[in-house]
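J.: Chains as they are written, first to last, in my numbering: chain A, 1 to 218; chain B, 1001 to 1435.
To be clear, the hints were calculated from the coordinates, so they are not data collected in a lab. Idealized CB from N, CA, C, for every residue including glycine. Honestly, I wouldn't trust all of these hints.
Unchecked claim - Footprint (simulated), chain A over chain B, 3 or more residues, beta carbon under 8 angstroms: (1) 1002 to 1016; (2) 1061 to 1075; (3) 1103 to 1113; (4) 1216 to 1227; (5) 1230 to 1243; (6) 1293 to 1300; (7) 1409 to 1415.
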Amino acid sequence: MSISETTRAQLEELVARYPRPRSALMPMLHLMQSLDGEVTPDGIDACAELAGVSPAEATAVASFYTMYRRSPGGAHHIGVCINTLCGLLGGDAVYEALSERLGVGHDQTTPDGRFTLERIECQAACTHAPVMTVDWEFMDDVTPTSAVDVVDRLERGETVRSTRGPVIRTWRDTERSLAFPDDGLAAEGTPVDAKMLAGLSLAKERGMAAPTTAQEGR
Amino acid sequence: MTPLTPVITEHWDDPELFTLAGYRRHGGYTALASALKQDPDALIGMVKDSGLRGRGGAGFPTGLKWSFVPQNDGKPHYLVVNADESEPGACKDIPIMIANPHSLIEGVIITSYAIRANHAFIYIRGEVPEAIRRVALAIREAREAGLIGRDIAGSGFDLDVVVHAGAGAYICGEETALLDSLEGFRGQPRLKPPFPAVAGLYASPTVINNVETICNIPYIVGRGVEWFRQFGTEKSPGFKVFAVSGHVNRPGIYEAPLGITMRELLDYAGGMLDGRDVKFWLPGGSSVPLLTADHLDVPMTYEAMAEAGTMLGTGTPMVFNDTVSVVKAVTRWLEFYKHESCGKCTPCREGTYFITGTLERFEHGHGSEREMETLVDLCDQIAGRSFCALGDAAATPYPSALKYFRDEFVAATTTPVDEQFDPASAYVFSGAAAR
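Let the sequences and hints guide you as you build the complete structure.
T.: Written out as structure tokens, the structure reads:
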């Protein structure tokens, strides 16, 4: 097994989070692919040992969940929601534009190793359709033009901020955050936007409020 | 006109609300202080009396679920929050966790105290790091403030709370698949009974509640059952975080009492985009039967939606106008269920492939009237014949679409749907943005 002492210590920290070691398997896999760029056989061995299961069992888990990579991907993961709502409201055109711009199709990586493109399923942001994600950070309300612009700017090395969250880092950084989510970025950006405030703003504008006592509403 | 009633969303416009200090400025954690002085059984009784029903889709009475946990059984108890919001169309739990994570944490602490759990898990889908990091920060802040940990506020109650990131599997929103996933297995559903309340996480008594459900708890405990019941109806008390999406002018979050109608919600959402007509809409996710413009005045309650032949589901209506092909919409949902079927049960695993393949032929204008009936049979064979509700869900969109839009399936036996409905006309952008 070829993991460093540092990595081992981090895996042990994940195991200590749970009543039973096996529960740490998913965060351990997130951590290993953040380090290796994919879930490698060595990564599987390390996770399996610490979870107290066989490598075959750890592989069975890794292969069940779509976020675990079994081959190297791009520095950035670009997701476009093509489920009914996003897709029909324009996500299909966004995907086509990105596919053309990057010269790759679903689950493929550009030859320069910068981008992996994926058709993704509902991202729980339907109010912000069509939705794109970069390294799983939200890029809401995209158009074919704005989506391609995001890729252009990333390629030029410019700073790109998620529409509801932090500055885009890399796919590996996000994977690390999934293992250790208290990543110091919770205060970044403006995660609560106008669409999340649509009803509250309207209620204030029209003087509507929920009664705070039982009597008030009678 | 039913008024909007922001409760859970009341202070979302405070950019500091996600911090402990911000949450406390608006009265946060005062309900916890009062809860810890009460008998846990009294809290369970209070939630029972409130009539709160699960906001994850099924609408099961929350207090009743809590009361199923055997007490004094010597086993550890667990609370697991289902924050795996992945239902197509559902987008209210993720915003709640991003905007107000401490309301979830306060609910988690009170609920754990009530069901005598010393360990709580919040299982959040892995594709939303922004929600995960905000909940993680809230947990740390609460721990540092002595609201999580040993002997919370001198009550003698100990609690550890762990946020757990998923890794991309819709099925893990099914409660027993979620438990398997949290135990470090492939996320596949278990046969019930035994129910999680008796044998859940690590075969111990476990309560699994949706995010929004848990966020109701501090308000019920803090303001009382009578206050809560003034909202909604006898069978569907309370308020709901509605997320309106689709071809409307102002898609977004609208919190209102249960019983508000879609027509009213549409009005709040600024009406239909470009003034076009409502063609079909779904009250709460792709797993509930669709409705048409004829149903806009049905109250959004569990009982009225059931009477109208559908379900309230997640209470996150998706609205489509007349530019959308219902055949294409349904096909896309079935492609999703096919992809997300975990493969454990044959009717669901094979059935979703059969339905999807057939529907894709319709989408390309190669359907047949005979196959329209075959699909009805297939859906009948899937519904109720799998371990979990994913199979039932996959068997839902087609029959309801056929019921209201038979002509469109007939048209799809000869003409590709993209020739009948120009895809570009359904886009929410146009001109230069569309290239």
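J.: Does each hint fit the structure? Answer for all of them.
T.: Hints, one by one, checked against the model:
no.	hint	verdict
1	1002 to 1016	holds (count 10)
2	1061 to 1075	violated (count 0)
3	1103 to 1113	violated (count 0)
4	1216 to 1227	holds (count 4)
5	1230 to 1243	holds (count 5)
6	1293 to 1300	violated (count 0)
7	1409 to 1415	violated (count 0)
The structure does not agree with the numbered hints 2, 3, 6 and 7 stated previously, though it agrees with the rest.
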